[in-house]
Amino acid sequence: MPLVNGGKIADDSFVKLAVDTPLPEGGDILVPAERFLGDADALLGRGGKIGVIWPNNRDIAELVPYLGRIAVVALVFPSFRDGRAYSQARLLRERYNYRGELRATGQVLRDQFVFMLRAGFDSFEVKKQADAEAFMATAKRYSVFYQPTGDGRITALHRRMQLRHSEGIGT
Amino acid sequence: MYAYDEIDRTLVNERVSEFRDQVKRRLSGELTEDEFKMLRLQNGVYLQLHAYMFRVAIPYGTLASNQLRQLAHVARKYDRGYGHFTTRQNIQFNWIKLSDLPDALADLAEVGIHAMQTSGNNMRNVTSDQWAGVAPGEIEDPRIWSELIRQHTTLHPEFSFLPRKFKIAITASDHDRAAIKVHDIGLRLIKNEKGETGFEVLVGGGLGRTPFIGKTIKHFVHGRDLLSYIEAILRVYNQYGRRDNIYKARIKILVHELGIEKFSREVEEEWQQIRHSSLQIDDEVIEDIRSRFIYPSYEKLPHMPDELRQAAADPDFEAWRKNSVAAHKNPGYAIVTISLKPIGAPPGDATAEQMDALADLADKYSFGEIRVGHEQNLALPHVAKRDLPALWKALDKLGLATPNVNLITDIIACPGLDYCSLANARSIPIAQELTRRFANHELANLIGRLHINISGCINACGHHHVGHIGILGVEKNGEEVYQITIGGRADESAALGNLIGPGVKFHEVADVIEDIVEAYLALRERPDELFVDTVKRLGVEPFKERVYATR
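Protein chains in written order, with this note's numbering: chain H, 1 to 171; chain C, 1 to 551.
Incorrect hints may have been included.
[Unchecked claim] The calculated lysine-lysine pairs, modelled on DSS-like cross-linking and capped at a C-alpha distance of 25 Å, are:
hint, chain 1, residue 1, chain 2, residue 2
1, C, 37, H, 127
2, C, 248, C, 476
3, H, 128, C, 24
4, C, 37, H, 140
5, H, 128, C, 476
Keep in mind that the hints were calculated from the coordinates and are not lab data.
Turn these sequences into a full structure, and let the hints steer you where they fit.
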């Protein structure tokens with residue numbers, strides 16, 4: 001499954017561990033929420049970066065005390081039809097000011113890239129190779145956005161106000 | 001009329017090109033049907049019994065004449081020459097080819113029409129009072145706010161994959177023509193003591209398998225907080241709404257399971273976190289949207305012109321005027337409802353020729369504007385009273401002057417088993433038979449206001465729960481059986497109807513309805529006691545006795 005990071009297909013330095021997989025000596029690891037919360041101090045104390053795989057039915061606020069020390073939060077789309085992780089992503093970025101890597105995992109398809117980018121995701125475990133290759137073109141599909149989210153894109157309402165004011169200067 | 005600016009046009013065009021690409025990938029096999037299904041639904045494309053069905057949004061029920069002509073063009077070029085107006089201010093085309101859809105969407109985009117989110121588990125077309133902006137006594141035009149919500153909910157990055165569909169309706173009149181109490185969110189525009197605009201917010205209404213009347217979650221949300229408050233409701237719903245069972249996934253079930261107090265506390269807590277964010281709307285933004293609504297320049301015209309006085313001698317004109325013409329906020333003008341319920345025809349259908357001709361009449365008599373109501377009728381919202389006789393003659397020639405608005409033959413019906421893959425029973429033939437039974441205008445007039453709503457399955461697209469008489473088709477041992485309820489209503493006193501007795505067979509439905517009506521005529525206290533009021537006064541029992549006594 002290709003990883004898209006920073007807009008490009010990239011190598012994934014993280015190894016995913018299950019709840020009971022033995023902990024490797026070094027290297028970057030992604031661990032399930034349950035395992036992370038059960039042993040947070042030890043996991044954060046080891047060498048190598050740590051990321052957490054957070055299920056879409058668990059309150060993301062539980063992760064807040066650790067956000068400054070983890071490198072990746074991986075949110076889960078068990079099906080692309082299940083949109084709970086979009087809310088979790090926005091809360092992480094906009095309410096809890098999480099600035100690390102925010103990864104979309106699960107059934108991640110081309111036609112959801114724009115929504116995911118707008119919700120604050122910046123890395124993507126893409127299900128199909130062709131979708132991963134089409135990432136940049138797809139991300140540029142839209143130039144108009146109606147809603148303010150934390151992604152910094154200017155909204156339609158805001159752009160209209162700017163246009164109004166710039167027109168107003170000349171008159 | 002709301003006029004799109006370059007920003008709105010760009011977005012719609014980008015959506016069309018995205019969908020063109022999605023269709024291409026489906027046709028090449030790159031997308032599986034399972035993956036494509038949600039993508040097409042998000043653009044209003046269903047797979048029905050015989051073909052794809054294409055549902056196009058008419059936000060808050062307002063259409064310009066050039067838009068109606070383009071709908072006629074789509075009907076003619078890509079479909080079978082007609083369209084079907086729905087109960088949610090949409091129009092459906094029933095015979096469209098998948099490969100034609102991108103072109104049909106591109107044609108519609110030219111006149112600022114789209115099909116975004118007319119199906120799928122997202123925020124659907126925002127609906128409003130079809131008399132918005134012209135109804136006497138209206139507080140202010142609710143379409144300004146409807147448009148604000150339309151924009152905010154279009155391609156929303158957080159709420160495009162909700163547990164289930166989500167519908168918002170707005171009214172600004174005491175008499176609710178938008179059925180806000182049976183929507184996921186109902187908004188009633190009101191003013192506070194300082195004269196500022198805000199909304200009473202209702203949540204958790206809806207029909208379908210488990211019907212609920214919406215409950216008030218907040219008595220006053222200031223206009224500037226409207227988007228943040230809606231966003232808070234949606235965020236709570238997106239996270240906690242049930243996804244394990246499609247029949248329990250609507251927000252009404254979440255509200256019911258948590259209780260309105262707990263649900264509103266959750267929303268309040270979320271709202272406090274986001275109300276002072278960039279979601280807050282300042283007056284300038286509202287004024288900008290308002291400035292792109294075009295209002296007619298009315299002339300000062302007499303309340304009772306000679307033309308109208310003279311036409312009153314014609315009983316056919318008078319019959320039409322009495323039920324199709326309503327008061328306008330400007331006394332020289334009137335609102336004209338155009339019945340799409342001719343005797344013996346499917347409710348809500350209009351041919352391409354009728355749409356074109358109506359667009360011409362709108363240009364001539366209604367400042368180029370047409371409205372679409374949830375009763376599946378159209379309206380011309382700004383007709384000078386002196387033009388009413390001429391307009392009536394023109395409509396009559398088109399088969400659009402059936403004098404039955406709000407009468408027993410003004411029936412709401414879903415497409416039913418004739419088109420729909422979800423249906424268990426036919427709806428349209430029931431409606432057709434009933435219009436024939438009550439074709440006599442004198443009889444229909446004697447009965448007075450009476451709404452019959454018919455659904456061909458439990459999903460309730462025909463709003464049977466809130467019909468004065470509701471007819472629900474189900475399947476029992478391979479046979480169509482119809483359950484009949486009475487006493488429902490969809491207005492400000494919204495109520496769910498009560499079952500009158502055991503279900504009846506297809507060929508018995510019209511007889512039973514005739515018996516119910518006869519019972520009503522015998523039981524009503526005075527000629528102006530409406531059917532629904534008699535039911536309220538007496539309950540179901542006396543009707544049940546009469547209907548089932550001989551069965």
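Hints versus structure:
no.	hint	verdict
1	C/37 with H/127	holds (18 Å)
2	C/248 with C/476	holds (23 Å)
3	H/128 with C/24	holds (17 Å)
4	C/37 with H/140	holds (23 Å)
5	H/128 with C/476	violated (45 Å)
Violated hint: 5 only; the structure is consistent with all others.
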